[in-house]
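Colleague: Here is how the chains run, residue by residue.
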Amino acid sequence: MASEQIIHGLMAEFVTANELMKAVKAARKAGYRRMDAYSPFPIEEVCEELDFHHNRLPFLVLIGGIVGLCAGFGLAYWTSVIDYPLNVGGRPFNSWPAFLPVTFETTVLGAALTTVLGMLALNGLPQPYHPVFNVPRFALASDDRFFLCIEARDVLFDPDGTYRFLQRLEPREISEVEL
Amino acid sequence: MATKRKVDADLEALRGPIIAPGHTLGSVTDKISEVVLEKGTPKGWFIGFAISFSLLMMMLMSITYLLAVGTGVWGVNVPVGWGFAIINFVWWIGIGHAGTLISAILLLLRQKWRTSINRFAEAMTLFAVACAGIFPILHTGRPWLAYWLFPYPNTMAMWPNFRSPLIWDVFAVSTYATVSAMFWYIGLIPDFATLRDRSTNRVGQTIYGALAMGWRGSAEHWGRYETAYLLLAGLSTPLVVSVHTIVSFDFAVSVVPGWHATIFPPYFVAGAIFAGFAMVMVLAIPLRRFYGLQDFVTMRHLDYMARVLLATGLFVGYGYMTDAFIAFYGANPYEEYMMMNRFEGPYAPFYWALIACNVVSIQALWFQRVRSSTVALFIIAIIVSIGMWLERFVIVVTSLHRDFLPSSWGMYSGTFWDWSLYIGTMGLFGTLLFLFIRFMPMISIFEMRTLLPEAEVEEHD
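Those protein sequences? They're chains A and B, same order as listed.
So in the numbering used here the end of the first sequence lands on 185, straight run, no missing numbers.
So in the numbering used here the end of the second sequence lands on 463, straight run, no missing numbers.
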């Protein structure tokens, strides 16, 4: 089908979050898998219904935190014990309790940087162009309207059949999303 | 679930709503984004910006004069070597902490009322940290070498001392500034997308479009976004506590009577939240009035903030009591002397003024009548801000000015340049804040949408 793909998909516009929710459920039931819902605020139920569970972010953040922890303590240890041992008030070179504040801060920094950069990277942002913006009314997705886009790469996608399916959901409008 | 809803409804009836009734998704978007996107700029904005900007120029002049002539233009000298620079540093960074508390801790505690105030409280954090950062850098004496504080390989083959609280401070404050900036920006992305889509001119569309990074509100994106936002809140919460703890270590790790106290970390953290909430009120009360945002920042918000102010003020009062008690209980004559000197020495009026501001004045907040008067709350918040500055003045100056030997006793006062720099940083704060409310949505639009009844999704099959 990929060679024939000349549009990104078909997009239906809904007025309320409930209508969107119903439409997503119906589309899942009809067997569509390649689709995305767009809303002006996060709707947990829609996200679950679309089966977006593969959230690797917390694991990445854990790794980021561990890297920050090792880097912070490693820095303090290496500089104070190996590269530049300095006797401060007769304390041992490896006075580890005094290294903990810095270690703690670098742990948080590593985890926080991973959270932000990881979220953006996994979401594919920044993304200068996306076909959905070709639909003029899509500007309302950041205001008070809800959109469901069934993408052309779905195996069940067929311009007429999918159009008729979306029509049955009683959307306010259906638009073709150009590539 | 049903009972929870009933409790919510009862609370609403009792205390007033957290968002005025009658709003829809569209009206929330319009109301908040029109402040940014409307054609004209109100005259009051220009007046406020002009005053702030003039003060900012005064700050730059004070810094120029300081660098040209030297640290001698300040009042600091032996024995009081810390003076205004450290007082103002602690004051500003403390103010910043309420922003993180509101955006992170109240989010984790599912306090929905935080939504209308978190955005500008976060902005306040960022700008307060910017003001705070100026002071210790200038206080190093040779600020052009301030990068020596960072561990980097250098031709001197030396490294900073990781056992020193001053190095801990460098890490804590720079981490705090970075994480606060990221938290703020991440929160703004969906709102930038709203401004991009509503902006009618090319410049606005381009700039807000670039800042929104192509955000399109996809369900998959929202899912990760919510996870990231929660994780950041979870990371910021211990961070904010650690930052002010480390600031207090600057004092507590020393052996100076009046600084070397175990109560310092919790008492500093409580004081920071206290000062920060006062500043949020100082900013929120005029802003909601000027921009007609009473529907979003309601009396219930002000009531809650007043309660937090009262509670943290009582913690701070407890801190003062413990500080004084331990000075006598510890049977260390230098500690005892220092405390008596605070009570009745040359700086006693400052001490009693701080008690009046931070402990006595807030007792009025026990009364519902006071908590429901914006004028009274504004005045109390100003008094607390002054009181918290006095607290840091008393801690820094009275602990240092009478050293162990009477031969090294002295008096301290700020010079003209100390004051001009301090007031000048308020100009920096004000300038940034005025630019923020003009060019960015001061209330989180997408989070306000989730508070509306329309945002509820029924689970039916």
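Calculated directly from the structure, the hints in this document are not laboratory data.
Be a bit skeptical, because a hint or two may be false.
Claimed, not checked - Cβ pair distances, simulated, as ranges: (1) Y154/B x P91/A: 17 to 25 angstroms; (2) Y331/B x L106/A: 24 to 32 angstroms; (3) N61/A x M342/B: 53 to 61 angstroms; (4) N61/A x T157/B: 41 to 49 angstroms; (5) R62/A x L437/B: 35 to 43 angstroms; (6) A159/B x L106/A: 23 to 31 angstroms; (7) P91/A x P348/B: 23 to 31 angstroms; (8) A32/A x Y154/B: 53 to 61 angstroms; (9) S415/B x F99/A: 55 to 63 angstroms; (10) T324/B x P103/A: 37 to 45 angstroms; (11) R62/A x G46/B: 42 to 50 angstroms; (12) T202/B x R62/A: 16 to 24 angstroms.
Only a predicted model underlies this, so the values are computations on that prediction, with no experimental measurement involved.
From the three backbone atoms N, C-alpha and C, an ideal C-beta is built for every residue, glycine too.
Colleague: Which constraints among the numbered hints does this structure fail? Numbers only, ascending.
Modeller: 7, 9, 10 and 12
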